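First residue of the sequence shown? That's 1 in our numbering, and the numbers climb one at a time after it.
FYI, nobody ran anything at the bench for these hints, they're computed from the structure. Treat the hints with care, as some may be off.
Only pairs whose alpha carbons sit at most 20 Å apart, straight line, appear in this in silico SDA-like list of lysine to any residue [what the hints assert, rightly or not]:
(1) Lys170 with Leu153
(2) Lys115 with Ser84
(3) Lys115 with Glu26
Computed from a predicted model, the values in this text were never measured in an experiment.
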Amino acid sequence: MQTVQDGTGDVRRMADAQWATARTAEAYVGLPEGVSKAMLLDRFERAAPRLGIGDGLVRLVRALVRVTHERDWVGRTRPIAWPSNDMLGEELQRSRTVVQGLIRAAVKAGLVHMKDSGNGKRYGYRGDAGEIVEAFGFDLSPLAVRWDEFADLAAARGLEQAQRRHLRRKVGEIRREIRTVCADA
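Using the sequences and the hints given, assemble the complete structure.
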């Protein structure tokens, strides 16, 4: 455990996994050219089983990404979402306690980084053009930084599924041949 000051006098202890996620978030420079938040979410959802990420966590990340704007993912602007636990519970159809557990799991898995306000509340403001002026909540930039990892895992999973389909077809063909041989005998 290490401690960090957020500039408002608040000192918080952070686990090593949170520090690693914070360092990952610092590497954020926006999504790669031609990649939208929908594409990022699709790759993440397809890579989740290979990362050992369950459905509840996938649904949480989907809900968080959904409340951001496309412009939040461009350039050095950080994609930050600030929904309340009650709003997330309603979206996910889960209790407040379950939502809190999912949030802890998302932080531990390095999917989100918590950007805390001085009073520990989540909130944000957008300007007239829709850009984030000030926001405290879920920093989703680690997802964008891990785009290549998600894309590679999703591609590997796609290859495995294609190979599995091919093997199932082969098994079906062999079964039919065995039935034919047994019927002829």
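Verification of the hints:
no.: 1; hint: Lys170 with Leu153; verdict: violated, 26 Å
no.: 2; hint: Lys115 with Ser84; verdict: holds, 14 Å
no.: 3; hint: Lys115 with Glu26; verdict: holds, 12 Å
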